[in-house]
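S.K.: Below are the chains, spelled out letter by letter.
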Amino acid sequence: MRVCLNGKEMDVAAGTSLSDFLKTMKIDGQRVVVEYNGRILAASRLWEAVCLTENDRVELLSFVGGG
Amino acid sequence: MPEEGRPCDIPGVLEKETLSEADFLSLLSESALPFLESMAQKARELTIRHFGRVISLYAPLYLSNYCDNECLYCGFNRKNMIRRKTLSLEELKREAGQIRGMGIQHLLLLTGDSRSHSPLSYIQECVGFLKTIFSSISVEIYPLETEEYRQLAACGVDGLTLYQETYDEKLYAALHVSGPKRDYRFRLEGPERGCRAGLRQVNIGALLGLGDLRREIFFLGRHARWLQHCYPDVETGISLPRLKRHEGIVFEGRTVSDREFVQMMLALRLFLPQGPLAISTREPYDFRRRLIGLGVTRMSAGSSTQVGGYGSGEKTEGQFEIQDKSSVEDIKRMIAEKGYQAVLKDWQPL
Amino acid sequence: MNDPLIIAGTQIRSRFFLGTGKFSSYPLMRDSIEASGAHVVTVALRRIDPTQEQENILGFIPKGCLVMVNTSGARNAEEAVRIAHLGRAMGCGPWVKIEVIADQRYLLPDNAETIKAARQLASEGFVVMPYMNPDLSDAKRLQDAGVASVMPLGAPIGTNKGVLTRDMIRILVESLNVPVIVDAGIGRPSHAAEAMELGAAAVLSNTAVAVSPDPAATARAFALAVEAGRLAYRAGISPSRDNPEASSPLTGFLH
Chain X
1 MRVCLNGKEM DVAAGTSLSD FLKTMKIDGQ RVVVEYNGRI LAASRLWEAV
51 CLTENDRVEL LSFVGGG
Chain U
1 MPEEGRPCDI PGVLEKETLS EADFLSLLSE SALPFLESMA QKARELTIRH
51 FGRVISLYAP LYLSNYCDNE CLYCGFNRKN MIRRKTLSLE ELKREAGQIR
101 GMGIQHLLLL TGDSRSHSPL SYIQECVGFL KTIFSSISVE IYPLETEEYR
151 QLAACGVDGL TLYQETYDEK LYAALHVSGP KRDYRFRLEG PERGCRAGLR
201 QVNIGALLGL GDLRREIFFL GRHARWLQHC YPDVETGISL PRLKRHEGIV
251 FEGRTVSDRE FVQMMLALRL FLPQGPLAIS TREPYDFRRR LIGLGVTRMS
301 AGSSTQVGGY GSGEKTEGQF EIQDKSSVED IKRMIAEKGY QAVLKDWQPL
Chain W
1 MNDPLIIAGT QIRSRFFLGT GKFSSYPLMR DSIEASGAHV VTVALRRIDP
51 TQEQENILGF IPKGCLVMVN TSGARNAEEA VRIAHLGRAM GCGPWVKIEV
101 IADQRYLLPD NAETIKAARQ LASEGFVVMP YMNPDLSDAK RLQDAGVASV
151 MPLGAPIGTN KGVLTRDMIR ILVESLNVPV IVDAGIGRPS HAAEAMELGA
201 AAVLSNTAVA VSPDPAATAR AFALAVEAGR LAYRAGISPS RDNPEASSPL
251 TGFLH
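Line by line, the protein sequences are chains X, U and W.
Going by our numbering, the first residue of the first sequence is number 1, and it counts up by one from there.
Going by our numbering, the first residue of the second sequence is number 1, and it counts up by one from there.
Going by our numbering, the first residue of the third sequence is number 1, and it counts up by one from there.
Keep in mind the hints are simulated off the structure, nothing from the lab.
Please read these numbers as outputs of a predicted model, since none were measured by experiment.
Incorrect hints may have been included.
BS3-like, lysine-lysine: derived pairs with alpha carbons at most 30 Å apart [said to hold, decoys possible]:
#1 U:K16 / W:K161
#2 X:K23 / W:K116
#3 W:K140 / U:K16
#4 W:K22 / X:K8
#5 X:K26 / W:K63
#6 W:K22 / X:K26
#7 U:K338 / U:K325
Example chain X residues on the side facing chain W (calculated, C-beta under 8 Å, incomplete) [as the list claims (entries may be wrong)]:
#8 L5
#9 N6
#10 M25
#11 I27
#12 D28
#13 V32
#14 V33
#15 I40
#16 A42
#17 E59
#18 S62
#19 V64
#20 G65
#21 G66
C-beta atoms are modelled at their ideal positions from N, C-alpha and C, and glycine is treated no differently.
Build out the structure end to end from the sequences listed, making use of the hints.
M.R.: This is the structure in structure tokens:
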């Protein structure tokens, strides 16, 4: 199924949890903030509980240098 | 704050665009006297920059001289056996006609402090009529509550004049023997209530010659700056009436010399570059002429301080002696000769 | 001399704030922070690139620094609020620098959207530090909204032109109760000193430090300039102006 990650479409197996999704992309959960369909999901245990569905929008952000 | 004993750097202060209170104190002190000419040059430049070469003219109209106060420095002291009068609407119309006939458009309405003889309703009635004739009406009456100022603003008053007379609380108590004016705080907070009520302009002042001159001017300047800071949409102006001997004035006071007066005025102009400065006909013609160009922006002209004084009918004694008895035409000519423009109508509330 | 800078109840150790953008490397950024002694540093929030290795910038910011999220990238209030929330979810403290720029040409901030964002974030308990185009009415609105400071630009971002807005900054310093922190346009240490002489509570610089040949040394120079300017301000020195042209004597009649 298709989900949107950081504005780009991606194919993901149905039923994948958010935490598995992050693991497969080798993303360190400590250093990103997750916005799932417009909601901020702060805790990693929430990521385990969320199962991705068709057309979900996921944003992964982290701190970078900025003025 | 400058330490005691350390010389003030007056030229340094004159370089600054915005003066601190410490700078203001320096300009009021004796250290500033040798620099009076430099202060005057800067005051002149600042005044021209903020106001142009323009002097606004206005005239006072006394509605009533009934007063419940016993103030030792005033001719209307209730203990004085003088003729008391409150203008009827008919008499008001005649007075107003005379003043308007001189060309005056800005009117200052005055009463004594008597809510029974000149109640707010009476003042409102007068304003209701007068605003059909004059473009701008200010009042110099007893201090009111905020709601009352709002009512006055609603009926057409755009300005308020209220002098604290002296900022020295102990002296204030001694000078105001009896009557509602004894309430120092209520009077002090009057201009602020006027600001909150939506008046466009407030004018404050001290009666020079009552308390310690430098101290009074310092507190007066601070008061003005504070009002400007808290109510930046209100124009805060200053007047500097000098106590003069007059029939019925008990308090001797202290004579303030012309030199001292000019120093105080220059310091105020430098401390408050955008504040209007008014000089009344308490001061003689020649002196007033000299003050144009030193910071004055408003002058009264053709004045009478008697109730009914403009007409030919019955009139009372004046509140103070008028030293400059020139007509409005004379004053306009004087202003023109100095290279300034006399403005009779500056503003009109829509 | 006791002259602490206290914002939102926190004593700030340095009046030099450093932005962390545009550095050629994170280690250089760290060296600059250390060399300058900056206490408050800003970071931005960006989408990660999942294909790249994630370097953690926070690992290069010395412990004890106060990290303030900058909402750069936001083009309106809603986006700024969103970024602030994201930053807080990341564990960043409640400090947020609101930067709302819709204008991509000059990079000038949108005061109206900034005020909107400030109102909301202040009501949510953020320590709001709004970047703004110096305008007194807008600064007063921000003050009324409960911001912890205002951050007026000295000149457009990246121009390094110095305190072009000096007269407006002076007006803000005189009129506001909250600290005025000059941000943007500070290209040289002397600019920073001037901003402090005007009465600013602090100065933020980023581009000038990050792109200089020796960022750490430049950062230190800035910090020293900020200190010098502050000392001068406290000593009562203010920028001088030209003398008015003398005309004929005005007070001769008094003698």
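S.K.: The structure should be examined with respect to each hint, and the outcome stated for every one.
M.R.: Checked hints:
Among the hinted pairs, K16 (chain U) with K161 (chain W) is consistent with the structure: their alpha-carbon atoms are about 24 Å apart, no more than 30 Å. Our distance criterion of 30 Å between C-alpha atoms is broken by K23 (chain X) and K116 (chain W), whose separation comes to about 38 Å. A C-alpha spacing of about 25 Å is found between K140 (chain W) and K16 (chain U), which places the hinted pair at or below 30 Å, so the restraint holds. For the hint linking K22 (chain W) to K8 (chain X), the alpha-carbon distance of about 26 Å falls within 30 Å, and the restraint holds.
Proposed proximity of K26 (chain X) and K63 (chain W) is supported: the alpha carbons are some 27 Å apart, at most 30 Å. The hinted pair formed by K22 (chain W) and K26 (chain X) meets the criterion: a straight-line CA distance of about 26 Å does not exceed 30 Å. As the CA atoms of K338 (chain U) and K325 (chain U) are separated by approximately 19 Å, the hinted pair is consistent with the 30 Å bound. Interface restraint check for L5 (chain X): the shortest CB-CB distance to chain W comes to about 7 Å, inside 8 Å, so the restraint holds.
Here the hint on N6 (chain X) is kept, as its CB sits about 4 Å from the closest CB of chain W, short of 8 Å. At a threshold of 8 Å, the smallest CB-CB gap from M25 (chain X) to chain W is about 5 Å, leaving the interface hint in force. Interface restraint check: I27 (chain X) against chain W, minimum CB-CB distance 6 Å, threshold 8 Å, status holds. With its C-beta approaching chain W no nearer than about 6 Å, D28 (chain X) sits inside the 8 Å limit, and its interface hint holds.
The criterion of a C-beta within 8 Å of any C-beta in chain W is met by V32 (chain X), whose closest approach is roughly 6 Å, and the hint holds. This hint holds: V33 (chain X) has a C-beta 4 Å from the nearest C-beta of chain W, less than the 8 Å allowed. Of the supplied interface hints, the one on I40 (chain X) holds, with its beta-carbon coming within about 5 Å of a beta-carbon of chain W, less than 8 Å. Using the Cβ-Cβ criterion of 8 Å, the hint placing A42 (chain X) at the interface with chain W is satisfied: the shortest such distance is roughly 4 Å.
The beta carbon of E59 (chain X) is positioned within 8 Å of a beta carbon in chain W (closest approach about 6 Å), and the interface hint is therefore held. For S62 (chain X), the shortest C-beta to C-beta distance to chain W is roughly 5 Å, which falls under 8 Å, so the interface hint holds. Hint on V64 (chain X) holds. Least Cβ distance to chain W is approximately 5 Å, under the 8 Å limit. The criterion of a C-beta within 8 Å of any C-beta in chain W is met by G65 (chain X), whose closest approach is roughly 4 Å, and the hint holds.
Given hint, G66 (chain X) at the interface with chain W, holds; its Cβ is 2 Å from that chain's nearest Cβ, closer than 8 Å.
Hint compliance for this structure: hint 2 alone is broken.
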